[in-house]
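Undergrad: Sequences are here, hints too, so could you generate the full structure?
Line order of the protein sequences matches chains S and W.
Numbered according to the working numbering, the first sequence spans residues 1 to 371.
Numbered according to the working numbering, the second sequence spans residues 1001 to 1353.
You can trust all of the hints, since none of them are fake.
Computed spacing ranges between beta-carbons, pair by pair: (1) 87/S to 1257/W: 48 to 58 Å; (2) 1190/W to 26/S: 32 to 42 Å; (3) 279/S to 1218/W: 28 to 38 Å; (4) 1233/W to 269/S: 39 to 49 Å; (5) 80/S to 1218/W: 26 to 36 Å; (6) 1294/W to 269/S: 45 to 55 Å; (7) 139/S to 1323/W: 34 to 44 Å; (8) 1036/W to 80/S: 47 to 57 Å; (9) 154/S to 1101/W: 34 to 44 Å; (10) 269/S to 1303/W: 30 to 40 Å; (11) 1294/W to 80/S: 29 to 39 Å; (12) 1055/W to 26/S: 35 to 45 Å; (13) 107/S to 1303/W: 51 to 61 Å; (14) 111/S to 1309/W: 41 to 51 Å.
Honestly, the hints are just simulated from the structure, not real lab data.
Cβ coordinates follow ideal geometry from the N, Cα and C atoms, glycine included.
The residues making up each chain are set out below.
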Amino acid sequence: MKLSASGADLLAQLQTVSRVASTRSAVQALSGVQVSATASRVELRATDMEVSLRVPLTADVQREGTVVLPARLLLDVARSLPRSADSVSLELRPEQQDVEVVAGHAKFHLRTLRAEDFPPLPEPGGDTVVTVPAGAFVDTIATVAKSASRDETRPILTGILVSASGQELRMVATDSYRLSVKETVLESPLEGGFEANVPARALEELRSVVGSTGAETIRIGVRANQVVFEVGGAVLSSRLIDGQFPNYRQLLPEQFEHELRIAGDELGDVVKRISLMAQKNAPLRLSFGDGELTVSAQTPDVGEASEPLPVPFAGEPFEIGFNPDFLRDGLDSIGAGDLLLKLISPLRPGLIQSADDGGFTYLIMPIRLNV
Amino acid sequence: MAKRVIAHLDCDAFYVSVELLRRPELVGLPVIVSGSGPRAVVTTASYEARKFGVGSAMATAEARRRCPQAVLIPPDFPAYREASRAVWELVRAELPVVQQLGLDEAYADLSSLERPLPALRELLARVKAETGIQISAGIAPNRLVAKIASDLGKPAGFVAIGREDCARRLADRSPRIVPGIGPKTAARLAEMGYPTLGSLQEAPVEELQERFGTNYGRDLHRRAHLHDETPVSASTGPAKSRSNETTFDTDIADHAELEAVLRKLAAGLCEGLVKKDVRGRTVRIKVRLDDWTTVTRARTIEQPTNEVEVVTAIAVELLRAYAPPRPVRLLGVGMAAFGERDAPPVRQLALPV
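TA: This is the structure:
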């Protein structure tokens, strides 16, 4: 294998692909990036056996071939190459079992990893193939992703349930403490549809790939246990999560005692300020009285804070506690517009919705106070 | 700040001393307290055994080679804990601030005593009379010098020394004499042209920082001059982690066998956690291969636990994911990220999912 490419291109593509490379596998090749050069196309590939990514590299191929190089090291090399050299060349030296990287006067020899340990990556396509607008898709991911669980002992909850059909795109995520549902109405109906529980990690990667390629559409191929996203020239694939995603509709209460319309940015600012004093797992307290909400927090040995906010509350005063981070995540996703805050009682879930139908619903479980 | 008077108190050959108290016929003989497996190490050697070059942490096999006539006694930790409690209870009753480290040493802050040296001398004599344990003491303006001083007079030492005096006295010794400067650092220092503490004191701090990083470089410079402001704190707070590990008599390559050992270790760990009523969120395994490569893997879960099923499942999964590529010499499992004791109990409710 021998090729030359622009140093800036190589760096940009390596930055994207190397994030996927495994950092802790016993198989060394998985910590590598595979460089595959054919006459028609050069591709950089990485995988951790769950998520895989292939990105194209614009290059001049002098000799075809495939090598696997340590991802981290290659990235560090690419990052440090002299700015004055605009072209970098990579050449496999089979006898030395290394790759010579030359840019300007700088020359590196990087030992290759065992190419035969690097698995073949999924090809695009699938049983169902749907093309979706990239902007709407990644915005929907961004709205719900924080609610996905990071607790590997509950694999089902580490995914985002993605459903696409007709004019509707819906994503659902929950870590059992809060639940996010975002329904996005597409400008034009989709051809075909699918539903799949995709690891949140893979979708976060997809967001950054879309960001770096600037692609306008994503072609999604779904198979029995795999999903493949084609974005620009890049191909991101992921295994799907087995098992039944919780029936989220059952979790949403049908009726609430209180329904308050509040300006999202105002509540967001207050919550952000007062949260500073909710440390070491201390809850954020929301006390509702006539026409007023007081947000307060107290951490033993640190201090306390409180701030009132006028809200259209009427009825028996009550106080409810929330994890400050969870509440802020929900408010961040709503953004600046008006929101509806719906509550039942101190121990029942609260619900935050975009008031002017942004199609976003955030269910949040309280923290039991006064124990 | 008023001048500090800090004492480092260190029991002489503690385990051996406890053994000799119940087996007086061994007094005067070389005695080694150690396990008996092929990889056992010496925990303590009597001063008679030390004359043969036997020291703590030396492989027992090596110790026997150096001193074949030594009497080998298996460790009896409950007895040592009992003796330790008796010793430090006496010390605590007399001295204002005592910070115990392990079973056989402690720091004490004597700054508030009117006549610290006679008081301490009297106390140590009483400890010796009532428990039979001899404590060596180093008395100095800070912990670092006190620690060095307690070692200078051993056994039955009582050394009071100032910082500058101590630095002068140790000037031609290796920097290793200072706690916190290990063999690797000492070797690097020697390469840089600082083979002695005296020469290291002349080293510009910038050069040390260049070689050892900003923080450790500065720390080395301060240590070389025997500066230390660490206070003696009466309690060190609750443990931050607990672990249970074992070194095999012969290396184990079989993954199933390793898993069985790991399950036992996890069960032992959880038993201890349940007894102390602590729960942690981070389960960690430690694997040392036959080539001494040491690997740790950890996973943090959201809810603190000490349930043996949960901990075992995670530990086994971590081991399977790592799949040791070579025979394993040491295997361990640990728990960290304990719930903060003072934090209010959190009652985060969850959805029924």
